[in-house]
Amino acid sequence: MAEVKGRLARVEYEHRELKQLILDLRSDLTNLIVQQPTYKST
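If you count by the UniProt record's numbering, then the sequence shown holds residues 1 to 42, one letter each, in order.
Take these hints with a grain of salt, some might be off.
Across the chosen pairs, the derived CB separations fall in these ranges [to be verified]:
#1 Q36 with G6: 44 to 50 Å
#2 V4 with N31: 39 to 45 Å
#3 Q36 with K5: 29 to 35 Å
FYI, nobody ran anything at the bench for these hints, they're computed from the structure. Note that the Cβ used here is the ideal one computed from N, Cα and C, for glycine as well.
Could you build all of it, start to finish, from the sequences and the hints given here?
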């Protein structure tokens, strides 16, 4: 049972890291779009 709990905790941790990575990527993408107004016109 302890093994399953440990695995679950690791999955939760990795999921949190993934969410943070996605948020970072999204903010980077937003910055790119804001910096380059030429993309908005298309």
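Original post:
Are there hints from earlier that the structure breaks, and if so, what are their numbers?
Top reply: Hint 3 contradicted; others consistent.
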